[in-house]
Amino acid sequence: MKFGVVVFPGTWSDRDCGWVIDQVLNQDLTYLWHKDTDLKGCDCVILPGGFAYGDYLRTGAIARFAPVMEKIGEFADRGGLVWGICNGFQVLCEAGLLPGALIRNASLEFRCQWSHLLVERTDLPFTSRCDDGEVLRVPISHGEGNYFADPATLSKLEQRGQVVFRYCDAQGRVLPGANPNGSLHNIAGIVNARGNVLGMMPHPERCAEAELGGADGLKLFRSVAESAFKVLVS
Amino acid sequence: MIARVIVTPKAVVNDPQGITVKQGLAALGFREVTDVRVGKYIEVSLDASTEHEARQRVEEMCRQLLANHVIEDFRFELQRDGHR
Numbered sequence: 160m161k162f163g164v165v166v167f168p169g170t171w172s173d174r175d176c177g178w179v180i181d182q183v184l185n186q187d188l189t190y191l192w193h194k195d196t197d198l199k200g201c202d203c204v205i206l207p208g209g210f211a212y213g214d215y216l217r218t219g220a221i222a223r224f225a226p227v228m229e230k231i232g233e234f235a236d237r238g239g240l241v242w243g244i245c246n247g248f249q250v251l252c253e254a255g256l257l258p259g260a261l262i263r264n265a266s267l268e269f270r271c272q273w274s275h276l277l278v279e280r281t282d283l284p285f286t287s288r289c290d291d292g293e294v295l296r297v298p299i300s301h302g303e304g305n306y307f308a309d310p311a312t313l314s315k316l317e318q319r320g321q322v323v324f325r326y327c328d329a330q331g332r333v334l335p336g337a338n339p340n341g342s343l344h345n346i347a348g349i350v351n352a353r354g355n356v357l358g359m360m361p362h363p364e365r366c367a368e369a370e371l372g373g374a375d376g377l378k379l380f381r382s383v384a385e386s387a388f389k390v391l392v393s
Numbered sequence: 020m021i022a023r024v025i026v027t028p029k030a031v032v033n034d035p036q037g038i039t040v041k042q043g044l045a046a047l048g049f050r051e052v053t054d055v056r057v058g059k060y061i062e063v064s065l066d067a068s069t070e071h072e073a074r075q076r077v078e079e080m081c082r083q084l085l086a087n088h089v090i091e092d093f094r095f096e097l098q099r100d101g102h103r
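From first to last, the protein sequence lines stand for chains A and B. Mind the numbering: the first sequence is residues 160 to 393 in this note's numbering, read in order. Mind the numbering: the second sequence is residues 20 to 103 in this note's numbering, read in order.
Be careful, since some hints might not be right.
To be verified - Estimated spans, in silico, between C-beta atoms of each pair:
id: 1; chain 1: B; residue 1: Val40; chain 2: A; residue 2: Asp328; range: 30 to 36 Å
id: 2; chain 1: B; residue 1: Ala46; chain 2: A; residue 2: Asp236; range: 48 to 54 Å
id: 3; chain 1: B; residue 1: Gln75; chain 2: A; residue 2: Tyr215; range: 20 to 26 Å
id: 4; chain 1: A; residue 1: Arg353; chain 2: B; residue 2: Leu44; range: 43 to 49 Å
id: 5; chain 1: A; residue 1: Lys194; chain 2: B; residue 2: Arg50; range: 50 to 56 Å
id: 6; chain 1: B; residue 1: Arg50; chain 2: A; residue 2: Gly292; range: 57 to 63 Å
id: 7; chain 1: A; residue 1: Tyr215; chain 2: B; residue 2: Leu65; range: 17 to 23 Å
id: 8; chain 1: B; residue 1: Ile38; chain 2: A; residue 2: Arg353; range: 55 to 61 Å
id: 9; chain 1: B; residue 1: Gly48; chain 2: A; residue 2: Cys271; range: 34 to 40 Å
id: 10; chain 1: B; residue 1: Leu84; chain 2: A; residue 2: Lys199; range: 27 to 33 Å
id: 11; chain 1: A; residue 1: Glu233; chain 2: B; residue 2: Ile25; range: 43 to 49 Å
id: 12; chain 1: A; residue 1: His344; chain 2: B; residue 2: Ile38; range: 19 to 25 Å
id: 13; chain 1: B; residue 1: Ile38; chain 2: A; residue 2: Val333; range: 20 to 26 Å
I should point out that these hints are in silico values taken from the structure, not numbers from a laboratory. Note that this is a predicted model, so its numbers are computed, not measured. C-beta: ideal position from N, C-alpha, C; glycine also.
Full structure from sequences and hints, please.
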C-alpha cells in the first residue's frame, strides 16, 4: 500500500502522518506538494491537518483550488482512497468531495483535548480493524470543527449510514456533553456515499503509539494499510 | 469598478460569534438588541466595461470562492472608482 501525504503551505500534520505510515507501519510513503499534478501511483491520499494557505477567507477555501486537488478529485471519482484529517476534512468539504461544512466551534475556543469516538461503520477500508460500536480515544485540535449541513443533507447522511465517527463519552454514549465543538448530531467524521472518501476532525496520527498516550489511531492506519482495496490508478 | 461584498452566516446556521457579541452588548446595557450576526466585508476592485458585466462577474466570484453556499449568504453593491 502506497500512501501519499499532501503538503500545502501551512500544513503541519504531514510529518506526523508520514511517521505513522513509514516508521510505525513500514508502508510506502511519498509526500505530494500542493503544486503536483501527479499522484505518483498512491493507493491512498491523506490530506493532513494544519492551516492550508493560512485558512484565509475560510478553512480550506483556497486549498481546494491547488493543482493537486484537481487530481485528487479525479482519483476519488475513480474510487481511490482519500482521507482528510482535521484541515483535510475542511478542504474536502470546500472541494465538494464531502457534503456540509465545518464552522467555528460553538464555544469559540480552539479545542485541543482527548475525545471519544463511537465507530459506526466497520465495513470501510478506513475502519475495517475496528469492532462495531467500538469507542476510540483520539485527540482533537481545532477551532473550526463544528459540523454543519442543512436538514435534508443531514438526514440523507444518517439514512445512508455515512456518519462514521460520533463524539461520545468513554462508555460510548452519544451525549451533548461529549460534543466538544457543537457539531450537529455529534458528528466527528463522515464518508461519501461510495465509501472511499473519509473526512474526520480528530487526529488519529497523534495517537498511533503508546508513548503518545494512546494508540487507537493506529487501527485506522492499519485498516487502510491492510485493506484489500486496490485501486487502478495511472 | 468596486464591488462591496457582504457575506453573512445563513439564518439557519448557528453563529456563536454573533451570540457572544449580543451577550457583550447586553452586558453593556444595550438591552434593545434582539440579534447579532457576524459576517465579512470584502472589497473587490475590478475592470469591467459595464455594470451588468461587473455584476455577473462578481456574482460568479461569490459563488465560486467568496461565500460558501452551505453556510453563507452574500450580497454586494457596485460603485464606480473615485467614489470611495
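Hint-by-hint comparison with the structure:
The supplied range of 30 to 36 Å is met by Val40 (chain B) and Asp328 (chain A), whose beta-carbon atoms lie about 32 Å from each other. A hinted range of 48 to 54 Å for the beta carbons of Ala46 (chain B) and Asp236 (chain A) is consistent with their spacing of about 51 Å. The beta-carbon spacing between Gln75 (chain B) and Tyr215 (chain A), approximately 25 Å, falls within the hinted interval of 20 to 26 Å. Checked against the given bound of 43 to 49 Å, the beta carbons of Arg353 (chain A) and Leu44 (chain B), roughly 47 Å apart, stay inside it.
Roughly 54 Å separates the CB atoms of Lys194 (chain A) and Arg50 (chain B), a value that falls within the hinted 50 to 56 Å. Judged by the Cβ atoms, the range 57 to 63 Å given for Arg50 (chain B) and Gly292 (chain A) is violated: they are separated by roughly 49 Å. The given range of 17 to 23 Å is respected by Tyr215 (chain A) and Leu65 (chain B), whose C-beta atoms sit roughly 19 Å from each other. The hint said 55 to 61 Å for the Cβ distance between Ile38 (chain B) and Arg353 (chain A), and at roughly 37 Å that hint is violated.
At about 35 Å, the CB distance of Gly48 (chain B) to Cys271 (chain A) agrees with the hint of 34 to 40 Å. Checking the proposed 27 to 33 Å range against Leu84 (chain B) and Lys199 (chain A) shows it holds: the Cβ atoms sit about 28 Å from each other. Hint check: Glu233 (chain A) to Ile25 (chain B), Cβ distance near 35 Å, so the stated range 43 to 49 Å is violated. Taking 19 to 25 Å as the suggested C-beta distance range, the pair His344 (chain A) and Ile38 (chain B) conforms, at roughly 20 Å.
Between Ile38 (chain B) and Val333 (chain A) the CB atoms are about 24 Å apart, so this pair conforms to the stated range of 20 to 26 Å.
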